Amino acid sequence: MSKPIKSSEITPEALYLSRRRFIKNTLTMAAVSLYLSACGNQSPAGPTAQPTDSLPLPSAGASVDELGNTLTSYDDIIGYTNYYEFSTDKNGPTRLAQNFKTSPWSVEVGGYVNNARSFSIDELKSLFDQEERIYRMRCVEAWSMVIPWVGFSLHKLLEIVEPTSDARFVRFETLYDPDQMPGQRNSFFPFPYIEGLRLDEAMHDLTIMATGLYGRDLSPQNGAPLRLVVPWKYGFKSIKSIVKIDLVGEMPTSLWMASGPNEYGFYANVNPNVPHPRWSQATERRIGEGGRIDTLLFNGYEEEVAYLYDGMDLSIDF
Amino acid sequence: MKPTRGQLITAFLCLIPLAILFFEWRSGSLSANPIETLTQRTGRTAVILLLASLVCTPLRSMFGLSALLPIRKTLGLAAFGYAALHFLVFAGLDFEFNLGWIVPEIRQKFFIQIGLIALGLLIPLAITSVQKFQRGMAGNWRRLHRLVYPVMALVLWHYYLASKGDVLIPLIYLVIFAILMLFRIPPLSKISIGSKPRWLVRLNKFLLS
Numbered sequence: 001m002s003k004p005i006k007s008s009e010i011t012p013e014a015l016y017l018s019r020r021r022f023i024k025n026t027l028t029m030a031a032v033s034l035y036l037s038a039c040g041n042q043s044p045a046g047p048t049a050q051p052t053d054s055l056p057l058p059s060a061g062a063s064v065d066e067l068g069n070t071l072t073s074y075d076d077i078i079g080y081t082n083y084y085e086f087s088t089d090k091n092g093p094t095r096l097a098q099n100f101k102t103s104p105w106s107v108e109v110g111g112y113v114n115n116a117r118s119f120s121i122d123e124l125k126s127l128f129d130q131e132e133r134i135y136r137m138r139c140v141e142a143w144s145m146v147i148p149w150v151g152f153s154l155h156k157l158l159e160i161v162e163p164t165s166d167a168r169f170v171r172f173e174t175l176y177d178p179d180q181m182p183g184q185r186n187s188f189f190p191f192p193y194i195e196g197l198r199l200d201e202a203m204h205d206l207t208i209m210a211t212g213l214y215g216r217d218l219s220p221q222n223g224a225p226l227r228l229v230v231p232w233k234y235g236f237k238s239i240k241s242i243v244k245i246d247l248v249g250e251m252p253t254s255l256w257m258a259s260g261p262n263e264y265g266f267y268a269n270v271n272p273n274v275p276h277p278r279w280s281q282a283t284e285r286r287i288g289e290g291g292r293i294d295t296l297l298f299n300g301y302e303e304e305v306a307y308l309y310d311g312m313d314l315s316i317d318f
Numbered sequence: 001m002k003p004t005r006g007q008l009i010t011a012f013l014c015l016i017p018l019a020i021l022f023f024e025w026r027s028g029s030l031s032a033n034p035i036e037t038l039t040q041r042t043g044r045t046a047v048i049l050l051l052a053s054l055v056c057t058p059l060r061s062m063f064g065l066s067a068l069l070p071i072r073k074t075l076g077l078a079a080f081g082y083a084a085l086h087f088l089v090f091a092g093l094d095f096e097f098n099l100g101w102i103v104p105e106i107r108q109k110f111f112i113q114i115g116l117i118a119l120g121l122l123i124p125l126a127i128t129s130v131q132k133f134q135r136g137m138a139g140n141w142r143r144l145h146r147l148v149y150p151v152m153a154l155v156l157w158h159y160y161l162a163s164k165g166d167v168l169i170p171l172i173y174l175v176i177f178a179i180l181m182l183f184r185i186p187p188l189s190k191i192s193i194g195s196k197p198r199w200l201v202r203l204n205k206f207l208l209s
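Here the protein sequences come in this chain order: A and B.
Quick note on numbering: the first sequence equals residues 1 to 318 in full-length UniProt numbering.
Quick note on numbering: the second sequence equals residues 1 to 209 in full-length UniProt numbering.
It cannot be assumed that every hint is accurate.
To be verified - Derived BS3-like pairs (lysine-lysine); straight-line CA-CA distance at most 30 Å:
hint: 1; chain 1: A; residue 1: K90; chain 2: A; residue 2: K125
hint: 2; chain 1: B; residue 1: K109; chain 2: B; residue 2: K190
hint: 3; chain 1: B; residue 1: K205; chain 2: B; residue 2: K190
hint: 4; chain 1: A; residue 1: K244; chain 2: A; residue 2: K156
hint: 5; chain 1: A; residue 1: K101; chain 2: B; residue 2: K109
hint: 6; chain 1: A; residue 1: K244; chain 2: A; residue 2: K125
hint: 7; chain 1: B; residue 1: K164; chain 2: A; residue 2: K90
hint: 8; chain 1: B; residue 1: K109; chain 2: A; residue 2: K90
hint: 9; chain 1: A; residue 1: K101; chain 2: A; residue 2: K90
hint: 10; chain 1: A; residue 1: K244; chain 2: B; residue 2: K164
hint: 11; chain 1: A; residue 1: K101; chain 2: A; residue 2: K125
hint: 12; chain 1: B; residue 1: K2; chain 2: B; residue 2: K205
To be verified - Sample of chain A residues facing chain B (criterion: CB under 10 Å; computed from the structure):
hint: 13; residue: T70
hint: 14; residue: T72
hint: 15; residue: S73
hint: 16; residue: D75
hint: 17; residue: D76
hint: 18; residue: I77
hint: 19; residue: Y84
hint: 20; residue: A142
hint: 21; residue: H155
hint: 22; residue: L157
hint: 23; residue: E263
hint: 24; residue: P275
hint: 25; residue: R278
hint: 26; residue: G288
Unchecked claim - Where chain A lies over chain B, by a calculated footprint (3+ residues, C-beta under 8 Å):
hint: 27; segment: 31-45
hint: 28; segment: 108-117
hint: 29; segment: 150-164
Hints were generated in silico from the structure; no laboratory data involved.
From a predicted model like this one, the values you see are computed outputs, not experimental measurements.
Ideal placement from N, C-alpha and C gives every residue a C-beta, glycine not left out.
Input sequences plus hints: build the corresponding full structure.
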């Protein structure tokens, strides 16, 4: 925190402002195009293709995380994603997910709970205060970002449904809709995407359900309208576009565990000491910045989460 | 020896992927993770060019195109060039020539070891592609250059292991490689069109000049 703030680290502030202007312009132009099409004219191309964002929330104003890392640019966050439901290319989802339907959207919460029920996305946004959390996101592919998420702690949702004493794990499921998500036809992967957390991991305050980033609604390629974010685990744990959350007794088998059991474990905690056969886990590259940096144990959240794994051999439970 | 027209055309075509990479790099359009893109694209280009070099021999015997022999050499050298670039991107751009990072990386990762062996085996092939070395070697040159087959197999294994989950493209290349190998053993190796149509004769002459 005591690290001096370089002037280059201020950019995201400016970005916020320019984005607001952009949204304002977009709305104006959208209104104009609506008006024009109502008059029977050809609507101008461009702005109407923009996702209909809700207005940005008031930002926390921070341009760095608690360790002084600069936020990754909005364009890089929405332009470089892993979302195999759309494409295995990093820029593929940005193109292919633009017409992804995120409204209406509901999430079924059930399993070992007292109050099984479904929540609409609007309900979730109004039930819980949407707060900004700046987290490092460390992909298993040895790249990372610093992202200002908007969302709420998962435990708030779980407290409403009241897990019973049989509940030991939480199982999450992504929408399965190959018509909208062409990548789900790729037979190399057993879709739908499944992820899981131990109940105590899910109840940890750092674990959030994200609905937005940079003060805007999530873009489809980032997992709209609702995704998990577990900042001390590799990015693939943070499952996107969730339709189902179940409290279960057995450890769920995630898509990546099924697809590569020797490469991807259930815990998938960021750990520089547990190597992966393909990518360096000792170092990482921060998107938008040059050079490699050391990867931190639990992605730098060791103080907050290490106790969850007391007595466990993290090279076995990787 | 003066390069043939076929070689010049091939060399020009082989440089296009490099030129595209260079301009994309300069204009910042190599994705948000340019080093990853550079690694993948140089590797993929090397694989494709090495496969292309293996197409020459069957095509030559089938259609009697002697012009493909010098072209094969150009393709092989270009494949080696991209493979070397692929390694330099890994060691230099990605791991900043930092041995403290590179050595454990190589020790831990089997697919990198496979890739390094393949690259190492390509070095004597690239050196002995030069005309003056070929003369003194006689039959040994042919025997040495059969190394390209195990190298191709290693390269595809490396590519397969480096792919995350979706291994469709390395598998397609493996099928192509298998077909090309089949054309090297009878009866497929005996296929020939016999007398060439005039346009093929002219094409061959054009490429050889």
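Consistency of the hints with the structure:
no., hint, verdict
1, A:K90 <-> A:K125, "holds (29 Å)"
2, B:K109 <-> B:K190, "violated (42 Å)"
3, B:K205 <-> B:K190, "holds (23 Å)"
4, A:K244 <-> A:K156, "holds (16 Å)"
5, A:K101 <-> B:K109, "violated (41 Å)"
6, A:K244 <-> A:K125, "holds (17 Å)"
7, B:K164 <-> A:K90, "holds (13 Å)"
8, B:K109 <-> A:K90, "holds (23 Å)"
9, A:K101 <-> A:K90, "holds (21 Å)"
10, A:K244 <-> B:K164, "holds (26 Å)"
11, A:K101 <-> A:K125, "holds (18 Å)"
12, B:K2 <-> B:K205, "holds (15 Å)"
13, T70, "violated (14 Å)"
14, T72, "holds (8 Å)"
15, S73, "holds (8 Å)"
16, D75, "holds (8 Å)"
17, D76, "holds (4 Å)"
18, I77, "holds (9 Å)"
19, Y84, "holds (7 Å)"
20, A142, "holds (9 Å)"
21, H155, "violated (32 Å)"
22, L157, "violated (30 Å)"
23, E263, "holds (9 Å)"
24, P275, "holds (5 Å)"
25, R278, "holds (7 Å)"
26, G288, "holds (7 Å)"
27, 31-45, "holds (count 5)"
28, 108-117, "holds (count 4)"
29, 150-164, "holds (count 3)"
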